[in-house]
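In case you want the letters, here they are:
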Amino acid sequence: MKKSVVFGALTVAGLAAGAAAAGTLDDVKARGKLNCGVTTGLVGFAAPDANGEWKGFDVGVCRAVAGAVLGDPTAVEFVPTTGKTRFTALASGEIDMLARNTTWTFSRDVDLKFTFVGVNYYDGQGFMVPKELGVSSAKELDGATVCIQTGTTTELNLADFFRSNNISYEPVPIETNAEAQQQYLAGACDVYTTDASGLAATRATFEDPSAHVLLPEIISKEPLGPLVRHGDDNWGDVVRWSLNALITAEELGVTSANIAEMAAGTNNPEVNRLLGTEGTLGEMLGLDAAWAKNAIMAGGNYGELFESNIGEATPIGLARGLNAQWTDGGLIYSPPFR
Amino acid sequence: MSDMSFVRTEMLPEKEPPANSVGVIGWARANLFDGVVNSALTLLSLAFIYYVLSGLLPWVFQSVWNASSLTECREIMEATWASTHGHACWAVINDRWLQLLYGFYPPYPATPDVVFGATEGALPAYFRPNLAFVLLLLAIAPVLFTKVPRQLLIVTAAYPFLMPWLMWGGSIWGPLMAAAGFGIGYLAYRILAPIAGELVAIIAAIAVPVIWWLFLAGSVAAGLESVISISIPEVESRKFGGFMLSILIGVVAIGASLPIGIFLALGRQSDLMILKALCVGFIEFIRGVPLITLLFVASVLLNIFLPPGTEFDIILRVLIMVTLFAAAYMAEVIRGGLAALPKGQYEGADSLGLNYWQAQRLIIMPQALKISIPGIVSTFIGIFKDTTLVSIIGLLDPLGLSNAIRADSAWNGIYWELFAFIAFLFFIFCFGMSRYSMYLERKLHTGHK
Chain A
748 MKKSVVFGAL TVAGLAAGAA AAGTLDDVKA RGKLNCGVTT GLVGFAAPDA NGEWKGFDVG
808 VCRAVAGAVL GDPTAVEFVP TTGKTRFTAL ASGEIDMLAR NTTWTFSRDV DLKFTFVGVN
868 YYDGQGFMVP KELGVSSAKE LDGATVCIQT GTTTELNLAD FFRSNNISYE PVPIETNAEA
928 QQQYLAGACD VYTTDASGLA ATRATFEDPS AHVLLPEIIS KEPLGPLVRH GDDNWGDVVR
988 WSLNALITAE ELGVTSANIA EMAAGTNNPE VNRLLGTEGT LGEMLGLDAA WAKNAIMAGG
1048 NYGELFESNI GEATPIGLAR GLNAQWTDGG LIYSPPFR
Chain B
209 MSDMSFVRTE MLPEKEPPAN SVGVIGWARA NLFDGVVNSA LTLLSLAFIY YVLSGLLPWV
269 FQSVWNASSL TECREIMEAT WASTHGHACW AVINDRWLQL LYGFYPPYPA TPDVVFGATE
329 GALPAYFRPN LAFVLLLLAI APVLFTKVPR QLLIVTAAYP FLMPWLMWGG SIWGPLMAAA
389 GFGIGYLAYR ILAPIAGELV AIIAAIAVPV IWWLFLAGSV AAGLESVISI SIPEVESRKF
449 GGFMLSILIG VVAIGASLPI GIFLALGRQS DLMILKALCV GFIEFIRGVP LITLLFVASV
509 LLNIFLPPGT EFDIILRVLI MVTLFAAAYM AEVIRGGLAA LPKGQYEGAD SLGLNYWQAQ
569 RLIIMPQALK ISIPGIVSTF IGIFKDTTLV SIIGLLDPLG LSNAIRADSA WNGIYWELFA
629 FIAFLFFIFC FGMSRYSMYL ERKLHTGHK
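Listed in order, the protein sequences are those of chains A and B.
Going by this note's numbering, the first residue of the first sequence is number 748, and it counts up by one from there.
Going by this note's numbering, the first residue of the second sequence is number 209, and it counts up by one from there.
Bear in mind the hints are in silico, worked out from the structure with no lab data behind them.
Here the structure is a predicted model, which is why all the values come from computation and not from measurement.
Hints are supplied without guarantee of correctness; some may be wrong.
Capping the alpha-carbon separation at 27 Å, the derived lysine-lysine pairs in DSSO-like fashion look like this [unchecked claim]:
no., chain 1, residue 1, chain 2, residue 2
1, B, K593, B, K447
2, B, K593, A, K831
3, A, K886, A, K802
4, A, K886, A, K831
5, A, K968, A, K878
6, A, K776, B, K447
7, A, K831, B, K447
8, B, K551, B, K484
9, B, K551, B, K593
10, A, K780, A, K860
11, A, K780, B, K447
12, A, K860, A, K968
13, B, K447, B, K355
14, A, K776, A, K860
15, B, K551, A, K802
Extracted from the complex, chain B is given alone in its bound form (with noise of 0.2 Å):
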């Protein structure tokens, strides 16, 4: 027999823990003051946000928000604070802010005797770049998240010839008829394929709708046009600027660069020698061209090739150039994704009997697209940042109206005010794209866990 007094019989409660080790002084003591290293760490950096938050909290509610010159904004200062330093003068933004958006976007389109800077009108003001937005926003929902209904993709489908004529307007049938001619190449293949074999049905379903638009669209909208006249004021592109060209030319760009990146970076990869040269040649060009470059040859050197006194739309010009820009760096973040994948997916692509786009489209691209995630991204991201180059060609971006805000005389002189919106609304965009990005690397992380 055996002495158990030793043993206890009953569990002892559990005990709370330590005052010190959970709660607001657990975490702290866990996180910010373990060790001397770390607290000195943690006092150096709250000492340096006190710092920076001490100039920057006065700075931007301290302000002047009602004036109508710097020169004003500095007498209610020195009238409010009896100093004019660190203080924001937030008036040229209130009274800019618009102009800032939208650049010189008449305000009325809708109504065909527009004036410019009226007050009144049938519809909301800007209602033209803002439907645009809303649309633009429908129009990508389906694309970014699978919750949305499948029926809003119409939106997006129609959205590419919605948009221009939103924003540039004239008669709705140049934009029908240009969304025809994917009709007819469609309808070539479907009448060919059986008739003339795959290839005759293909070529035709591309040389079809390229005559189509090339000889007969202009003509055959004009016809309509005068037929039954649907149309909204034209706006030219000069009047375009703020953040709505910016947006303009982001959104453009990246919609475009991805499919266009996609096949590019298959045909680098591709077996067809000529093909594959020109993919490497276009890609290896123009990643070795800065940006501004292209869009000098795009301000520049384009009028001067051109016939004199052709209009080819400045802004078209420079879609056109941040567009292929934009798919050079795509094609290679894709062809980064493709090489990332085992030699065993082809292979395995190959032994279920798939063809080479079946193959793509089932195994490979979802695969790669989803490794390229990050990368992606940050070109889209970069290229939004990017458009504020357009400053220099002599578009009204908004970097370049802050410069036409400060040549006011009125304004002459003020700075950090303009550039802390312009960088709030591009962090507003930038910020949103990268959260994005996270969330669907959450959601699509699921294999390889």
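The shape of chain A in the complex, shown without the other chains (with noise of 0.2 Å):
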């Protein structure tokens, strides 16, 4: 039987190699289903619940372009990778998409030769104290011992923080989040650093999450979004896009709710090209004409995905912040359907 499996691989490997030539695009059509790589698990932004179903603010990208692409947000199977492995994966084709809070830097966009379609959340590195350390700025922690993911940019960034504010620390080096809680309670270290969407999910775990605060310095940028390989822009295109009519949903007002009875028309032009009333945007993408509208659907539009995933009103408790749209003072923008 292993054998046979070897050799049925092999064989079907010669097959999809004639096949792959064609766009991702038609390959995620054929296939019927998208490959959509994720982490293994991050709180608010992909995991798996009791069912093994995958819910997430991450999680909800994949539906919306597995909408967007086959109008149905099921059909996504989701990859777990790890920080390891997502780059090989989505580079050998194993995957169609990744959707893993990766942050977008230089070297990852041009080396990497990937293509980063747009930002679905802005993070950066932050730092938690326990609140009788009575310390109100990070300038302050000169002499601190700080808990800290080894071989992560937070390391770099923590170092470049210290460095430039000519204050000293002592780093302890953490392999993993669950290390790092651990290891932050028990009192091993002063501070915590990592990304603040992840502090202020670990803060929220603590028995008393009070006595614990997120200090107002952000030092670095880390902008988390959904990317695709370099070389075939029509897919590139059509995440792209997926996610920004998500944005522009959120901006124009369409939601979950609404959405049915938007699309049998309304006096927006805008809306009307977003949910294929008018124009061919749908056609321009080789979609069809109600391809946003089952992107919105599969699980609202982008302000219903931030709020029922990781806003206010969930454990994780973030507030839009930048992440809220440009016109209540965020940086979350979408170029215009037309």
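With the hints as a guide, bring both chains together as one complex.
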């Protein structure tokens, strides 16, 4: 059996090599399923629930793309990837897109040959300290012991921040967020630093969250967004505009509750173009006219996704902050649909 | 005439031994309080055991079993014991134990239009992995215990073909045709051996099945499937997880590595130069590389070398890598056994006129394997525990799942309960293997007393 599977796989490989020349969009349509890379588990962004169903903010992006392309938000095969396997999984074609809270950086975009199609969450590195320490600014942390995940950009950011402010620190290297929570609570370090969203999620699990404060300084830019391979611009456009559709929907007040009503036609031409009752935007992408409508119906518009997964009503309780619409003073901004 | 009055004429009845040297007290004096140092150590140990248990037992037993989140767990603890410390929140196990055991394997793959999470079905939940596990026990029973009826060996022979079919589903004809390859090879040998001689027959016995598997088995299976369709719903490898995945990888690696290891060990001792060089090269290369590296090769490098869009099953890749890794270690363990045999055993076999394979089968291997049992079982246990490394390449084994469960905002921040549960299950399997090896050693310890 094993041998036959191997040879079967090789045969399939030969056939697939011929088919892979077609674009990713055609591959996804032919397969009837979107292979979406997610994290193996990050609170609020992607995690399987008790029934094995994936939920979260990044998962919402995958489902929106599946909705746009295939008309079915459940037609997603979630491929859990680790920090080490994510880029090869995408480069090798094992996954069609990666939505795994990945920071958009120069080298990833240029050197690793990926296309970041947008930003779905603006994050930044922050600090958490126990309230009893009486610290109100990261600049007062001279001589502090800091719990830090090794091998991440946070380690470099931390060194830069302390050096530029001429203060010293003692790093306590840790491997995972889980370990960090234990170390921090056990008092092995005075400060825990990682992405601000991660800090908020971590603090929410403490027995007494109010005994810990997040310091106001954010010392790095971490724009997180979905990415695809270089060289298939058509597919990149599909993912980019699926994300933009969610953002525009929030801006235009299109929600999963009123979308059926609005899809019948409104006085606002941009809403009509978005939902496919006017113009041929879907056709230009190689999708059907209701693509954006299906993407929004997958999990709601950007704001709804945010509120239901990581927003203030959830245990994680993140405020919109930088991730508010540009009309509300945030950075979330979509080019127009025309 | 001598005076014999000081000599007793009748035996005194036996007296009971002193009260402080028998029973519980005697045992304690002899074993626990035998001298000052011993007594001090005993008291220290008792204090330590009390310290550990006084913390552990309340944690395990004064615990919360029904809650929907860690926060609710803490509320219940606060209400019941007025403290959240020293109490376990087993509710997470209660909520997720099926996931920890089976991963995302659909509970009812028997019905064609399976609804995930369905609570009703024609067959009991998870019957496919469960049946595969029960069949596994039946298949290994005749191998492990001599008293089990020999007829069960049929199950053992069928298991390598039955298990993948049960687990992955699909048409029955695929595994059947794969099994038919072995039959074809045997037939080719029997037909050619009298006509064309031994060597040609052996070459044909290897070549014909390979050709069959490569070019014919697939289409024949498809043809038979279109005539008589016997198939069960397919389950993708991505759905595999939890202990099911650990056991699957462990069983395949253990089952396949022993025979491969034996051949590698024999190859390393062989006089055929190329064969020897190949075996030594393979063993030394695999043993010189960490398992994690091999897993990364399986998950990452193969992806780059194979044509884009290739669907070479990730679990299959991992199975192959773990098996090769285990086989290299197994080969060295068995080589140790071979080296421990006195030269006279080889010479004795030769003087009886046995050929190489007869000597190996009847004289050398039974003794070499017996000597190697502790090493073999250690390797088995090590491999079984090493299966948790697959979490690093994104497969959701129990440890990977524990991370995924913590990523649910309801259970974020829960550690010890998950790890305790996982450790408990691993302990059952590893302890079982260890006890079996001791039993086997006792049973086989006949010659050298």
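Results for each hint:
Under the criterion of a C-alpha separation no larger than 27 Å, the hint pairing K593/B with K447/B is consistent with the structure, at around 21 Å. For the proposed pair K593/B and K831/A, the alpha carbon gap of about 22 Å is at most 27 Å, so the pair holds. Taking the CA atoms of K886/A and K802/A, the gap is near 37 Å; set against the 27 Å cutoff, the hint is violated. About 33 Å separates the Cα atoms of K886/A and K831/A, which puts this hinted pair outside 27 Å; it is violated.
Straight-line distance between C-alpha atoms of K968/A and K878/A comes to about 25 Å, which keeps the hinted pair within the 27 Å bound. For the hint pairing K776/A with K447/B, the CA-to-CA distance comes to about 22 Å; that is within 27 Å, so the pair holds. Restraint check: the Cα-Cα separation between K831/A and K447/B comes to about 21 Å, which is no more than 27 Å; the hinted pair holds. Restraint check: the Cα-Cα separation between K551/B and K484/B comes to about 20 Å, which is no more than 27 Å; the hinted pair holds.
About 36 Å separates the Cα atoms of K551/B and K593/B, which puts this hinted pair outside 27 Å; it is violated. About 24 Å separates the Cα atoms of K780/A and K860/A, which keeps this hinted pair within 27 Å; it holds. At most 27 Å may separate the alpha-carbon atoms for a hinted pair to count; K780/A and K447/B meet this at roughly 15 Å. At most 27 Å may separate the alpha-carbon atoms for a hinted pair to count; K860/A and K968/A meet this at roughly 21 Å.
With a C-alpha separation of about 38 Å, the suggested pairing of K447/B with K355/B is violated against the 27 Å cut-off. Of the pairs offered as hints, the one joining K776/A and K860/A holds, with about 24 Å between alpha carbons and a cut-off of 27 Å not exceeded. Taken as a hint, the K551/B and K802/A pair is broken in the structure, with Cα atoms around 65 Å apart against an allowance of 27 Å.
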